[in-house]
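Peer 1: Using the hints, position chains S, Z and A against chain W.
Residue numbers (numbering that gives the first Met the number 0), protein chains in the order written: chain W, 0 to 244; chain S, 0 to 244; chain Z, 0 to 244; chain A, 0 to 244.
Keep in mind the hints are simulated off the structure, nothing from the lab. Warning: the hint list may mix true and false statements.
For identical chains, the list gives no copy identity; a pair is met inside one copy or between any two copies.
Computed cross-link-like contacts, PhoX-like style, restricted to lysine-lysine with a CA-CA straight-line distance of at most 25 Å [said to hold, decoys possible]:
no.: 1; residue 1: K84; residue 2: K7
no.: 2; residue 1: K26; residue 2: K36
no.: 3; residue 1: K84; residue 2: K119
no.: 4; residue 1: K26; residue 2: K219
no.: 5; residue 1: K219; residue 2: K36
no.: 6; residue 1: K7; residue 2: K26
no.: 7; residue 1: K7; residue 2: K144
no.: 8; residue 1: K7; residue 2: K119
no.: 9; residue 1: K84; residue 2: K36
no.: 10; residue 1: K119; residue 2: K36
no.: 11; residue 1: K84; residue 2: K122
no.: 12; residue 1: K122; residue 2: K144
no.: 13; residue 1: K119; residue 2: K144
no.: 14; residue 1: K84; residue 2: K161
no.: 15; residue 1: K36; residue 2: K7
Number of protein chains: 4
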Amino acid sequence: MSPSSVQKERMQPDDIYVLDELGEVIKPGVNPDLVLKLSQCHPLFMAAYIHRNAGAVIHTHSIHAVMIGFLFGSEFRASHLEMIKGVAGLEYTSEMVIPIIENTSQERDLLDSLQNAILKYPKSNAVIVRRHGIYVWGADWQQAKTQCECIDYLMQVCVQMKSLGIPTSLVNNPVNTLSSRIKSDISTVIFDIEGTLCPIDFVHNTLFGYIRNNLEEYTKRTWNEVLTIADRKNIIAQSCILFNI
Amino acid sequence: MSPSSVQKERMQPDDIYVLDELGEVIKPGVNPDLVLKLSQCHPLFMAAYIHRNAGAVIHTHSIHAVMIGFLFGSEFRASHLEMIKGVAGLEYTSEMVIPIIENTSQERDLLDSLQNAILKYPKSNAVIVRRHGIYVWGADWQQAKTQCECIDYLMQVCVQMKSLGIPTSLVNNPVNTLSSRIKSDISTVIFDIEGTLCPIDFVHNTLFGYIRNNLEEYTKRTWNEVLTIADRKNIIAQSCILFNI
Amino acid sequence: MSPSSVQKERMQPDDIYVLDELGEVIKPGVNPDLVLKLSQCHPLFMAAYIHRNAGAVIHTHSIHAVMIGFLFGSEFRASHLEMIKGVAGLEYTSEMVIPIIENTSQERDLLDSLQNAILKYPKSNAVIVRRHGIYVWGADWQQAKTQCECIDYLMQVCVQMKSLGIPTSLVNNPVNTLSSRIKSDISTVIFDIEGTLCPIDFVHNTLFGYIRNNLEEYTKRTWNEVLTIADRKNIIAQSCILFNI
Amino acid sequence: MSPSSVQKERMQPDDIYVLDELGEVIKPGVNPDLVLKLSQCHPLFMAAYIHRNAGAVIHTHSIHAVMIGFLFGSEFRASHLEMIKGVAGLEYTSEMVIPIIENTSQERDLLDSLQNAILKYPKSNAVIVRRHGIYVWGADWQQAKTQCECIDYLMQVCVQMKSLGIPTSLVNNPVNTLSSRIKSDISTVIFDIEGTLCPIDFVHNTLFGYIRNNLEEYTKRTWNEVLTIADRKNIIAQSCILFNI
Numbered sequence: 000m001s002p003s004s005v006q007k008e009r010m011q012p013d014d015i016y017v018l019d020e021l022g023e024v025i026k027p028g029v030n031p032d033l034v035l036k037l038s039q040c041h042p043l044f045m046a047a048y049i050h051r052n053a054g055a056v057i058h059t060h061s062i063h064a065v066m067i068g069f070l071f072g073s074e075f076r077a078s079h080l081e082m083i084k085g086v087a088g089l090e091y092t093s094e095m096v097i098p099i100i101e102n103t104s105q106e107r108d109l110l111d112s113l114q115n116a117i118l119k120y121p122k123s124n125a126v127i128v129r130r131h132g133i134y135v136w137g138a139d140w141q142q143a144k145t146q147c148e149c150i151d152y153l154m155q156v157c158v159q160m161k162s163l164g165i166p167t168s169l170v171n172n173p174v175n176t177l178s179s180r181i182k183s184d185i186s187t188v189i190f191d192i193e194g195t196l197c198p199i200d201f202v203h204n205t206l207f208g209y210i211r212n213n214l215e216e217y218t219k220r221t222w223n224e225v226l227t228i229a230d231r232k233n234i235i236a237q238s239c240i241l242f243n244i
Numbered sequence: 000m001s002p003s004s005v006q007k008e009r010m011q012p013d014d015i016y017v018l019d020e021l022g023e024v025i026k027p028g029v030n031p032d033l034v035l036k037l038s039q040c041h042p043l044f045m046a047a048y049i050h051r052n053a054g055a056v057i058h059t060h061s062i063h064a065v066m067i068g069f070l071f072g073s074e075f076r077a078s079h080l081e082m083i084k085g086v087a088g089l090e091y092t093s094e095m096v097i098p099i100i101e102n103t104s105q106e107r108d109l110l111d112s113l114q115n116a117i118l119k120y121p122k123s124n125a126v127i128v129r130r131h132g133i134y135v136w137g138a139d140w141q142q143a144k145t146q147c148e149c150i151d152y153l154m155q156v157c158v159q160m161k162s163l164g165i166p167t168s169l170v171n172n173p174v175n176t177l178s179s180r181i182k183s184d185i186s187t188v189i190f191d192i193e194g195t196l197c198p199i200d201f202v203h204n205t206l207f208g209y210i211r212n213n214l215e216e217y218t219k220r221t222w223n224e225v226l227t228i229a230d231r232k233n234i235i236a237q238s239c240i241l242f243n244i
Numbered sequence: 000m001s002p003s004s005v006q007k008e009r010m011q012p013d014d015i016y017v018l019d020e021l022g023e024v025i026k027p028g029v030n031p032d033l034v035l036k037l038s039q040c041h042p043l044f045m046a047a048y049i050h051r052n053a054g055a056v057i058h059t060h061s062i063h064a065v066m067i068g069f070l071f072g073s074e075f076r077a078s079h080l081e082m083i084k085g086v087a088g089l090e091y092t093s094e095m096v097i098p099i100i101e102n103t104s105q106e107r108d109l110l111d112s113l114q115n116a117i118l119k120y121p122k123s124n125a126v127i128v129r130r131h132g133i134y135v136w137g138a139d140w141q142q143a144k145t146q147c148e149c150i151d152y153l154m155q156v157c158v159q160m161k162s163l164g165i166p167t168s169l170v171n172n173p174v175n176t177l178s179s180r181i182k183s184d185i186s187t188v189i190f191d192i193e194g195t196l197c198p199i200d201f202v203h204n205t206l207f208g209y210i211r212n213n214l215e216e217y218t219k220r221t222w223n224e225v226l227t228i229a230d231r232k233n234i235i236a237q238s239c240i241l242f243n244i
Numbered sequence: 000m001s002p003s004s005v006q007k008e009r010m011q012p013d014d015i016y017v018l019d020e021l022g023e024v025i026k027p028g029v030n031p032d033l034v035l036k037l038s039q040c041h042p043l044f045m046a047a048y049i050h051r052n053a054g055a056v057i058h059t060h061s062i063h064a065v066m067i068g069f070l071f072g073s074e075f076r077a078s079h080l081e082m083i084k085g086v087a088g089l090e091y092t093s094e095m096v097i098p099i100i101e102n103t104s105q106e107r108d109l110l111d112s113l114q115n116a117i118l119k120y121p122k123s124n125a126v127i128v129r130r131h132g133i134y135v136w137g138a139d140w141q142q143a144k145t146q147c148e149c150i151d152y153l154m155q156v157c158v159q160m161k162s163l164g165i166p167t168s169l170v171n172n173p174v175n176t177l178s179s180r181i182k183s184d185i186s187t188v189i190f191d192i193e194g195t196l197c198p199i200d201f202v203h204n205t206l207f208g209y210i211r212n213n214l215e216e217y218t219k220r221t222w223n224e225v226l227t228i229a230d231r232k233n234i235i236a237q238s239c240i241l242f243n244i
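With the rest of the complex left out, here is chain W (with noise of 0.2 Å):
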């Protein structure tokens, strides 16, 4: 395990500590210039060795992990992105789910809430800290290194789509559904004219007009289209933030 506040590019073989498989040190880190410390990140690399088998924990203050942690409530997810299927037992139509949980001021307290994150998420092979960074893990360095790559691309991927305003999972699961979230006296959807095109009248009596006669027919007809999947998605965030469900 690496020592703390050692400049990583000049870390050398014989700073690294070894611990055995209870997390008791076995041999300090020893460097000639600098008085070592074990990472305050030893029991979180702990908790993915005891409760996943890692073979190796990569932690990083990637940028693209903390604007998700923006972006994102207690979860990041994302679908059909090729680069998914580099994720350990995910396919490309998969819905890749990590969770994200909140920072504290020392790493160490950040121990109950990543073991709660890991057991309740046995699926993910990473856990976000908002405002932090990410923890990901592997059976060896080999793939704990290739799923840091492949999700720290769909991160830096997804933060492009959200500035774009582009769904980034097109899966449809239970949390997601409307009709398991809304309260039972809302009984409308409001749906918006984008944009400024044209004046008033012309939207209220034309535009409004043409969408009321072709709305049903057109949304049942391309029900299952990516487009409609996504504007179905796009309807039920909205209407969730709208009425603070």
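Peer 2: Here is chains S, Z and A on its own, set in the frame of chain W:
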């Protein structure tokens, strides 16, 4: 042909598969530490070899290619960018047209639509796969590499142009021509006043009047200037979106 | 101290000037091909040495620092970002405050305002110069380098946060407190309905009514939650801009 | 002078053409694997040599230069950025003015407009070619390289400034002066209320009234402050766009 799932920066010469001209493996890749498998892209690479006589094919998961897939429909079109001269067979004023096909769960299932795109677009040395990446080929590795570099640069520039609302192609072609697309019962094209610079009365009485009196003369006078060409293309594009053509 | 106008990646050990503790040159830089001149930053570097006992000072023209200068006023403030723990003397929940001074035509004329900023902000190990760059120091070159890296990362993240409308600091401090800044004759704070989601009547009668009935209870209940803290800070910031405080 | 169509990172010393001062080839480039051709930029490089006594010319397809071409008209203007001091002959408060010429299908056809720009802008050591890139020169390769680096940095910063609506130049010059450009029958300049912060009645009666009563005093008092200078330049720019001047 490269093996699957090897970290690209650690690939060794012996890892490479050698195939004959029918795509049969002559010499499999061999690695002392890994069980190798031929890349799933194998039939896709062969398609470029068979139909285009490609001497080398490069496949990337370029983030620029993924973003282009979100910003364009079935074709990526660009013109009037110097780097287009770097793409085989094109001049500065040529329109580069690269087909965009839909991704599939299994890479091998891309074969049919990739072959169709290769046959339908004989001038293109690349196919973009939406939510996935790009295939680029050339007569030898040098040409495949320079094609890949030129197209990646053009995709990066065009993502930035799109985000600023700048049309990426100034070439007028049948697919983009309004008259070939609008329905016969549409008799009006609506122009937009951008922004909210002044009271609605001033817009309605003064600005609209000014436009009515001067639009025809201005448009005729500048019909072939770059900015008016861009306006003409934007009007067509907006009309097509508005009337769902 | 480095010489002026030498290409940084070609600098040789002999190019470096050696100065005594009063800033007098002991050994000038010597280069067989160039006439060297001591960096104009000389008195600025000395200011950090004299007032802060700096063992090393780094000056960069980081684009992130230039953009921060356009997005903040006289101080760059950020909190609740893990990387803040890498800045000397700060915790995760600390507010990092780095002074921003105005640039001058001649670098030597920065001396007064740089010294003032150093004295006025004894907790900051950096000064940002608007439209110019940043000065960062530390007890030795290792610390100066890590401070520079941490602050550059934080500037990059905060430029992205600003562009998404996310407040960079969640710490409530006197400078930001509304009651200490508004004029006594202001009795109303106006809340905004964002976007154009529905007819104006619905906004006026239904949404406004909903807000009126629920705002007080909601605000009290969530007063210390992160999102409401962010809202409170935004309201203060917008009020200050609106009333030119 | 470099040959055409060689991968730049694989160029060898023998690939380089040697020309005399009239532009005649003394020693052609020689490559064992390729048939070389002198770069099409040849007469363009000679133009900088003849008219400016350039010892070295660099031509790039910098994406920043391409984006600047979309964001500016016939000149790229910037001031009050420290890096401007790195451009030969300029101070911090100088306005850097780099001409932008239109691209042509064949690089050799750029010669006339490039020469015109070189003669018309004797203070500029660079010419931007829209939708193409930039030519930069200097007395020797060191100066050409540092000019290229400084200008590329400034183009990158100014693209970001433009995207945030920040004016890139604060210098008031004849070309930008309203009085020298507006038609004599324009008697009114319209100010905008940004955003949608409050009911239209409040805007119309209260905010407009406040502006009417205070604008003159405020403008006079802050006439020479940076923010008001920026406002004045923005008003001029918007008026010019509005009235097509």
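Peer 1: Compare the structure with each hint and give your call.
Peer 2: Evaluation of the provided hints:
With identical chains, the CA atoms of K84 and K7 are at most 25 Å apart between copies only, with a shortest distance of 16 Å across copies and 30 Å within one. Taking the shortest Cα distances, K26 and K36 sit within 25 Å of each other inside one copy (12 Å), while across copies they are farther apart (39 Å). Only within a single protomer do K84 and K119 lie at most 25 Å apart by alpha-carbon distance; the minimum there is 22 Å, versus 29 Å between protomers. In this assembly of identical chains, K26 and K219 lie within 25 Å of each other by CA distance neither inside one copy nor across copies; the values are 66 Å within and 53 Å between.
Taking the shortest Cα distances, K219 and K36 never come within 25 Å of each other, neither inside one copy (63 Å) nor across copies (44 Å). Taking identical chains as interchangeable, the C-alpha atoms of K7 and K26 lie at most 25 Å apart only when both belong to the same chain, with a minimum of 20 Å there against 34 Å between chains. In this assembly of identical chains, the alpha carbons of K7 and K144 lie at most 25 Å apart whether taken from the same copy (16 Å) or from different copies (12 Å). Taking CA atoms no more than 25 Å apart as the test, K7 paired with K119 passes in neither setting, with 32 Å inside one copy and 34 Å between copies.
For the homomeric pair K84 and K36, the shortest alpha-carbon distance between copies (16 Å) is at most 25 Å, but the shortest distance inside one copy (38 Å) is not. For the homomeric pair K119 and K36, neither the shortest alpha-carbon distance inside one copy (31 Å) nor that between copies (34 Å) is at most 25 Å. Only within a single protomer do K84 and K122 lie at most 25 Å apart by alpha-carbon distance; the minimum there is 14 Å, versus 31 Å between protomers. In this assembly of identical chains, the alpha carbons of K122 and K144 lie at most 25 Å apart only when taken from the same copy (18 Å versus 38 Å across copies).
Taking the closest pair of Cα atoms, K119 and K144 come within 25 Å of each other only inside a single copy of the chain (23 Å); across copies the shortest separation is 40 Å, beyond that limit. For the homomeric pair K84 and K161, the shortest alpha-carbon distance inside one copy (21 Å) is at most 25 Å, but the shortest distance between copies (29 Å) is not. For the identical chains of this complex, K36 and K7 are intra-copy neighbours only, at 14 Å inside a copy versus 34 Å across copies, given an alpha-carbon limit of 25 Å.
Violation of the numbered hints given earlier is confined to hints 4, 5, 8, 10; the remaining hints are satisfied by the structure.
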